[in-house]
Amino acid sequence: MSLLIQQLLNGLSTGAIYALIGLGFVLIFGVARVFNGAQGPIVIVGFYLASVVAGLSGGNFWLALLAATAIGAVFGLLLERLAIAPLASKGGGLLVPFLTTLGFGMVLEGIVRTIFSSSPQPFFVEFASESFKIGDVRLGQAQLFVTVFTILLLVALDRMIYSTSWGLSARAVAENASIAGGVGISPVALRIGIVALASALAGTTGALYGLQYAAATPTLGVVLTIKGLLVAVIAGLTSFRGAVLIGLLLGVTEAMVIAFAPAMPADGFAFVILVALLLFKPAGIFGRKLSGTAVGADDR
Amino acid sequence: MIEFFYGYSGQLLLTFAILAIAASGWSVIFGTGMFSMAPSATMGIGAYGAAVAYTHWGIPFPIATVIGVVLAAVVSALLSLFAWRLDHLFLGIATLGVAEFLVALAHKTPYVGGSLGMPAGFDATPPVVLITLVIVVFALWLLRRTRLFSAMRAVGDDTLAAQSVGIDTRKMKVIASIVGGVILGVSGALYTFQLGSIIPSNFGFSMIVQIILAVLIGGRDSLFGPVVGAAVVIALPELARLVSVDHSIAYGLALMLIVLLRPQGLIPGGRPRWLRAKSVRAVQAGITS
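Residue numbers (our numbering), protein chains in the order written: chain C, 7 to 306; chain E, 328 to 616.
If you're looking for bench data, these hints aren't it; they were derived computationally from the structure.
Heads up, the beta-carbon is just placed ideally off N, CA and C, and yes, glycines get one too.
Some clues are possibly wrong.
[Stated by the list, open to error] Pair by pair, the computed Cβ-Cβ distance ranges are:
no.	chain 1	residue 1	chain 2	residue 2	range
1	E	V401	C	W172	22 to 30 Å
2	E	V461	C	A265	49 to 57 Å
3	E	R472	C	Y168	54 to 62 Å
4	E	S533	C	I264	20 to 28 Å
5	E	L408	C	P268	27 to 35 Å
6	E	P446	C	S124	25 to 33 Å
7	C	R247	E	P446	46 to 54 Å
[Claimed, not checked] According to the in silico footprint, chain C covers these stretches of chain E (three or more CB under 8 Å from chain C):
no.	stretch
8	407-416
9	430-442
This is chain E alone, in the form it adopts within the complex:
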């Protein structure tokens, strides 16, 4: 059983799980209308925080992970302050600037190993990674049932309307960024302890593209959208290779097609039909008929 995870398909499954966690985290941030292009940086802060705690300070894996996650949440909260002055693509460009700066900084910082990166342990065993994905999805399922989440979604749908019914939109964006930052930090720490080492370019532009693509393909409004999207993002290069097509062509076409033809993603908003309670369906039937 455990040998499977050290084979190629097992590694793919773990890469998928980590990307699915990261994409789920970013979808919470994007859900409040913030197009942050720094999910890779938040993830990287989690990864580097955990690696520094583990390797330099000798702190064991679970506590090192917590340190990385807390750092990631703080950075994510700080980034959300940009949203007070910028929106849409301009927020994206500013956060992309921060992300690229952090990668450039990591390349030049000897304490974190510069371009050669940092070693860490192999403590995130396959069961740990997969169980974490389940926990994250379950936690988001719980979150989606709260009034807080409804308020966050209202901000994402129409900031002005949300404001006019008394929702503190700035606060909602900070809260969403902290929640998303925690989840991105978890994915970063898992990345570190699954691979056993990290380098700055792990968290560069291609990671940003993968996370954003996963959310856009799967669906930004649904619980399972980012998970399904992550599966597609991991599977696409593999399928493309079978027919000898370059992975960039596959990603580029997927991005164009999903944005032009199905902007709501493969799994549109709301809970999937098969998860809805019978009573809800009955009420809807009553309304529409």
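So here's chain C without its partners, still in its complex pose:
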């Protein structure tokens, strides 16, 4: 029983990371119709800058978190200018921008490896090893912090998207960019803003990831991109709250598989669900059929 509760918390905190990355996908896909192949590598860039700032500031986590968020936003602007904007006028479908953003992410991974080498970079190792004991249950300090912090962050983002006029414009562009343009919303300005926001979020995620796992490597970016892609597609690409729910669910499922069925491939389950879902419900669990996207069959 105590193992169950422990794994639930572990799963929730891993799921919080997945939710944040999946959310970044949903945000960018919504306004730009782009699968961002650079989401994971930006998380890693955030992590590495956070580790440097933490080292320089003598272990100030909040400063590290802020720096990670800021560098995420900066790379988001670069990503938008170099890999998304050049394609926006061409209307080349989903494949081409996925490939350019993937390429951008690979460059980031290479830059990180050039500066820091490919061995794991440590991050607040003592913090991650501390835990509270309530009865038989051991709750990791880092896991608790990441879960609570992420929930607060998600509530703030939810307010931003659903209760501000900027959020309303963003949802209008996601719904139909040309009509939104017609009523005076600039889709380009919004796209820049949203990509920067999603990337800032990725940077934040990097610092949170570091806190939870106490280390990261440059190659982790690809893994996180695939996880986020999975979350976003299962949730249905259009649903902010759906992505959060699926992210948490994925984290908990993985934690349970690792604890109670160690012989099974933990990553495997999510992929089986993904494939089945794509085949039988291509719009995802919380998704709606989109206008002007290529969800569904190509013939017949």
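With the hints as your guide, set chain E onto chain C.
Just chain E now, with coordinates in the frame of chain C:
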């Protein structure tokens, strides 16, 4: 002569040949418009099938290769059924899901050695690998002269138009996947018997990137495109190392630049000009003038 192949540049040449075969196989699948992100999985099925037949069942190298290739073709054909319901990037994501699942499964399956992988023989000698590349390119050259290939290409160019002239697009996608699967399986089996052992991560995301990059750089529509692309993909990290640049930076920049600036690849579609018959050129000259 044979010592060359056990040196560094010789090994690079063999790695290039195996990647060139894999890329040629994937270009047939991609040529019908299917952006499958599971070429590494198909290759891995060929590799593991051959290794299991060789090591566990004691079957000699040529027959073990055939077993691996048949398995790869079957898996590739099954994957093409996804294309009946999904297209473009969504097909890519679904097939990527299958590929990642198979890698995770291989890590956890003791029968194929788990994360430690499987041993096999060193039977794919350098001449075998290089001659196979020549045979594959020749076979594709023959294929490209058939009506079947024209139909497959028509599906890739415009599925709806192909359908409207009576081409069975689903059948074409299955056939292309079987052809591509056979070639990917061959490359996988060669990989096994050239290295003498395989591990699951040989067939992970970086292999997918290498195969896709080779086809995009070289050119998806041409016979020699994937071969030239494979040469670039193998040469890029070596060149990058000379100027101390990380290989991911080289690959990432190459991917961005080729997609943005030259989407048709280094060698665009059709046969290269120098291979065309004089009469064809004469006819074209007559049309344009």
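Right, here's what the structure says about each hint:
1. E:V401 x C:W172: 22 to 30 Å: Hint violated: Cβ distance 52 Å, outside 22 to 30 Å.
2. E:V461 x C:A265: 49 to 57 Å: holds, 52 Å
3. E:R472 x C:Y168: 54 to 62 Å: Holds - the Cβ-Cβ distance for R472 (chain E) and Y168 (chain C), about 59 Å, lies within 54 to 62 Å.
4. E:S533 x C:I264: 20 to 28 Å: Holds - the Cβ-Cβ distance for S533 (chain E) and I264 (chain C), about 25 Å, lies within 20 to 28 Å.
5. E:L408 x C:P268: 27 to 35 Å: For L408 (chain E) and P268 (chain C) the Cβ distance comes to about 32 Å; the hint holds.
6. E:P446 x C:S124: 25 to 33 Å: holds, 27 Å
7. C:R247 x E:P446: 46 to 54 Å: holds, 50 Å
8. 407-416: Check passed, 8 qualifying residues.
9. 430-442: With 4 residues close enough to chain C, the hint holds.
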